[in-house]
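My request is simple: use the sequences and hints to build the entire structure.
The numbering used here puts the first residue of the sequence shown at 1, with every later residue one more than the last.
Worth flagging that the hints you see were computed from the coordinates, not collected in a lab.
Incorrect hints may have been included.
Cut-off 35 Å, straight-line C-alpha distance, at most; resulting in silico cross-link-like pairs (DSBU-like, lysine-lysine) [stated by the list, open to error]:
id : residue 1 : residue 2
1  : K84       : K97
2  : K113      : K84
3  : K113      : K97
Per label pair, the in silico range of CB-to-CB distance [said to hold, decoys possible]:
id : residue 1 : residue 2 : range
4  : G114      : Y152      : 19 to 25 Å
5  : A125      : K97       : 18 to 24 Å
6  : L144      : A74       : 38 to 44 Å
7  : L144      : S19       : 32 to 38 Å
8  : A164      : N140      : 33 to 39 Å
9  : Y152      : A86       : 25 to 31 Å
10 : D50       : V102      : 25 to 31 Å
11 : N141      : E57       : 22 to 28 Å
12 : A60       : A164      : 29 to 35 Å
13 : S18       : L99       : 18 to 24 Å
14 : A121      : A58       : 38 to 44 Å
15 : K97       : K161      : 37 to 43 Å
16 : A121      : M163      : 19 to 25 Å
17 : H98       : E33       : 29 to 35 Å
Nothing here was measured: the structure is a model prediction, and the numbers come from that model.
Ideal placement from N, C-alpha and C gives every residue a C-beta, glycine not left out.
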Amino acid sequence: MNAAITTEIKIGVLMGSSSDWDTMQHAVAILQEFGIAHEARVVSAHRMPDEMFIYAEAAASRGLQAIIAGAGGAAHLPGMLAAKTAVPVLGVPVPSKHLQGVDSLHSIVQMPKGIPVATFAIGAAGAANAALFAVAMLANNNALLRTQLDDYRRRQTEQAKAMALPDLQAITKPAAGRI
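Below, the structure written as structure tokens:
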């Protein structure tokens, strides 16, 4: 794969803290696999609000096509970015120590009407799916990327079809006289 569509950064991957990298690295890995030019940064909504606003306000003029924003706890980063830019924001709830990311999910998904944030699953799966969603958005206008995405999904299907379970007959066969 990895046929970069351009060297111009298309996707911003932001997180509220370096501790969110454990989750957000899964988004970056997908973008790298598809050769999508991207950047990854820590931009905290609570500790760096001015920098967050500057980033959001400049996103469209910089040519960003989407921002994948991961945050834990109060998780205001995706919503505040969406409030300041028309560039699509894809929110990823990062698991938290005490509530396992449910608090983050609620913070990101409950946006007021008019300020949309596309919200994904909690954790690594959500980060990967947010990146795949961004790839799909870009693929609408890029035939090479569309082919790469179709190939990726075809390989997923082949891998799923090739999955085998252990011999369940020995496990599920009832002992003589027992139901």
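Comparing the hints with the structure gives:
Restraint check: the Cα-Cα separation between K84 and K97 comes to about 29 Å, which is no more than 35 Å; the hinted pair holds. Under the criterion of a C-alpha separation no larger than 35 Å, the hint pairing K113 with K84 is consistent with the structure, at around 15 Å. Note on K113 and K97: the hinted pairing holds, with a Cα-Cα distance of about 30 Å set against a maximum of 35 Å. Range check, G114 to Y152: Cβ separation about 34 Å, and the 19 to 25 Å hint is violated.
Against the hinted window of 18 to 24 Å, the Cβ-Cβ separation of A125 and K97 comes to about 19 Å, which satisfies the hint. Against the hinted window of 38 to 44 Å, the Cβ-Cβ separation of L144 and A74 comes to about 40 Å, which satisfies the hint. Look at L144 against S19: about 36 Å separates their beta carbons, and that is inside 32 to 38 Å. A164 and N140 have their C-beta atoms about 36 Å apart, which keeps the hinted 33 to 39 Å range intact.
Under the hint 25 to 31 Å, the C-beta atoms of Y152 and A86, about 28 Å apart, fit the expected range. Checking the proposed 25 to 31 Å range against D50 and V102 shows it holds: the Cβ atoms sit about 30 Å from each other. The hinted window of 22 to 28 Å between N141 and E57 holds, with their beta carbons roughly 24 Å apart. As the Cβ distance of A60 to A164 is approximately 48 Å, the hint placing it in 29 to 35 Å is violated.
A beta carbon spacing of about 20 Å between S18 and L99 agrees with the range 18 to 24 Å that was offered as a hint. In this structure, A121 and A58 break the distance hint of 38 to 44 Å, their C-beta atoms being roughly 29 Å apart. With their beta carbons about 38 Å apart, K97 and K161 fall inside the hinted range of 37 to 43 Å. The hinted range of 19 to 25 Å is satisfied by A121 and M163, whose Cβ atoms lie roughly 21 Å apart.
Distance hint for H98 and E33: a CB-CB separation of about 33 Å, consistent with the stated range 29 to 35 Å.
Comparing the model with each earlier hint shows violations of hints 4, 12 and 14; every other hint is respected.
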